[in-house]
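**Student:** Given only the sequences and the hints, what does the whole structure look like? Please build it.
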Amino acid sequence: MTSEHAPIIEMRNIEKHFGSVIALAGVSVDVFPGECHCLLGDNGAGKSTFIKTMSGVHKPTAGEIMFEGKPMHFADPRDAISAGIATVHQHLAMIPLMSVSRNFFMGNEPVKKVGPLKLFDHDYANNVTMEEMRKMGINLRGPDQAVGTLSGGERQTVAIARAVHFGAKVLILDEPTSALGVRQTANVLATIDKVRKQGIAVVFITHNVRHALAVGDRFTVLNRGKTLGTAQRGQITPEELQDMMAGGQEMVALEGSLGGTV
Amino acid sequence: MTDTAQTPEQDERVKEISSFRKALIRPELGGICGTVLVFLFFAIFAGNSGMFNSQGVLNWSTVSAQFMIIAVGACLLMIAGEFDLSVGSMIGFAGMMIAIFSVSLGWPVWIAIILAFLICMSIGALNGYIVIKTGLPSFIVTLAFLFILRGFTIFIPQQLENRTIIGGISDAAEGDWLAPLFGGQVGGWFFEFLGERGLIEVFERGTRAGEPVVDGIPMLIVWALVLVAFGHFLLTRTQFGNWIFAAGGDAEAARNSGVPVNAVKIKMFIMTAFCATVFATCQVMEFGSAAADRGILKEFEAIIAVVIGGALLTGGYGSVIGAALGALIFGVVQQGLFFTGVESSLFRVFLGVILLLAVILNTYIRRLITGER
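Protein chains in written order, with the numbering used here: chain A, 69 to 330; chain B, 357 to 729.
These are computed hints drawn from the structure, not numbers from a lab.
Don't take each hint at face value.
Said to hold, decoys possible - Partial list, derived from the structure: chain B residues whose beta carbon lies under 10 Å from chain A:
1. 594
2. 595
3. 599
4. 604
5. 608
6. 671
7. 708
8. 725
Unchecked claim - Below are the DSS-like pairs computed for lysine-lysine, each with C-alpha atoms no more than 27 Å apart in a straight line:
9. A:237 with A:262
10. A:138 with A:203
11. A:262 with A:203
12. A:138 with A:127
13. A:120 with B:489
14. B:489 with A:127
All C-beta atoms, glycine included, are put in the ideal place defined by N, C-alpha and C.
**Tutor:** Structure follows, in structure tokens:
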């Protein structure tokens with residue numbers, strides 16, 4: 069881990085209230101470049117609100133965000149994106165009917181000028197797409213292959229590769245493995261590992277302890293809008309993590325009755 | 357597809373697809389096959405009926421060009437994920453505006469034409485704005501404008517002139533600089549040349565003896581070809597084209613990626629209105645009159661041409677070339693049935709059948725592309 073560096077993003081005592089509902093009641097998390105920081109929590113723990121605050125969708129009610137050592141105030145998601153915070157959502161920003169390369173450059177199309185005309189530079193787009201996908205370990209049939217023909221895991225990988233290509237410094241992955249099979253999950257986890265090794269800070273949101281332990285450097289557990297604590301890799305067992313997420317008591321009882329399979 | 361320098365190692369999970377299947381997932385395929393079949397059919401059954409001499413060719417080319425002009429707009433709009441049912445009424449309305457400005461009010465024709473374009477494109481923008489702001493289906497919003505515009509097209513000339521057909525535009529357009537851009541002809545010298553060489557028919561007697569029967573290509577056809585070329589180029593070769601696909605494929609995903617979806621959709625509504633007005637202006641200049649019943653059902657004919665051309669009704673997929681071929685099939689069959697002497701009402705039967713076949717084929721192709729089952 070690169071703890072001798074400064075954290076690229078630091079969230080201090082973030083609070084977020086929606087009317088009378090307190091979604092976040094003081095959450096602190098910091099993420100270092102080249103680290104995979106797993107954010108765990110059960111449904112309703114405030115994971116989604118927290119990452120939406122980090123990516124500029126919500127403004128925190130209280131608390132401060134430090135990005136690269138300076139206080140940051142994101143007006144909207146575009147601010148966060150241009151600062152280098154990219155989010156890959158559960159519901160992907162991918163269009164099945166369009167080719168991989170058209171999807172890859174959607175909204176950021178490479179343009180080549182021919183006289184007064186600005187053309188979509190298909191050659192460049194196709195080459196870059198093939199190259200980036202090969203780096204992530206996916207061999208496309210061709211850059212014109214439709215995204216609809218890719219598996220869920222491959223689509224996640226395209227989305228991650230796209231974020232990395234467009235200069236993400238912090239990559240937020242919102243439950244990228246929640247709807248995937250075993251094999252596809254392994255592919256996505258391998259992708260996360262590759263991205264981390266490029267020095268990008270990864271925030272990996274999940275409620276699956278095994279997926280988190282497979283790639284995480286540090287683990288922060290959220291429960292009922294609060295940070296329950298951050299643990300280093302190797303300092304915590306899967307059982308402890310699981311208990312923290314579920315809030316202890318009931319889970320222990322349930323696990324007992326299910327024979328420890330959860 | 358471009359060849360990358362290095363060939364990637366094959367992935368055993370990616371099945372090789374045959375070139376046949378690859379050809380099948382091009383949106384134009386249906387249009388190409390249909391065009392070949394239609395021409396074969398009429399070459400056999402109407403080969404010596406005059407359908408393929410210079411006059412016959414001009415006849416079905418002109419009809420096809422009419423369909424093409426409105427199909428280009430409808431195609432781009434459908435790929436962007438919206439419909440415009442007000443195209444037919446817009447054609448009637450635009451023509452009537454030109455007639456009222458130039459004949460009833462006596463303004464120069466070029467001002468009348470420019471005003472008609474401005475008014476209609478504003479209405480197109482309004483259509484788009486309402487669809488975007490309310491989130492209602494464009495089907496309903498433009499259906500409302502189908503009636504609103506048709507109503508005004510009948511009401512305004514009745515109030516001003518006590519009739520629903522306004523003539524005399526040809527006289528008004530005499531010597532105008534803009535009118536020939538819509539009602540004129542080009543390439544007359546070329547046809548004279550062909551006539552002199554005996555390659556096309558010439559008049560045998562009368563005052564025009566020796567002149568070719570066809571004395572030029574109507575501007576209508578030129579407009580159709582220019583619009584098709586423009587639409588195809590815009591869609592496949594520009595950044596904006598990618599945004600059109602994205603806006604129709606999944607508006608939410610496109611927005612998340614920074615595509616200005618609302619602006620794209622509104623621009624495509626304006627484009628559709630522009631195409632309708634081009635159609636109307638050409639028609640008014642050719643007939644020299646505007647009538648309140650012009651353009652009825654044209655919106656559906658445009659949509660049918662687009663669907664035959666391989667576009668999906670749900671948006672995000674399609675081709676301008678395909679739509680142009682759809683329009684060509686349309687025009688050739690409509691006029692071909694006339695040449696073969698088949699009862700013209702059967703044209704509608706043909707339309708219904710081919711529309712159904714095209715939609716079924718498109719749904720199948722969609723499954724092939726997206727890998728759905």
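**Student:** Are any of the numbered hints broken by this structure? If so, which, sorted upward?
**Tutor:** 7 and 10
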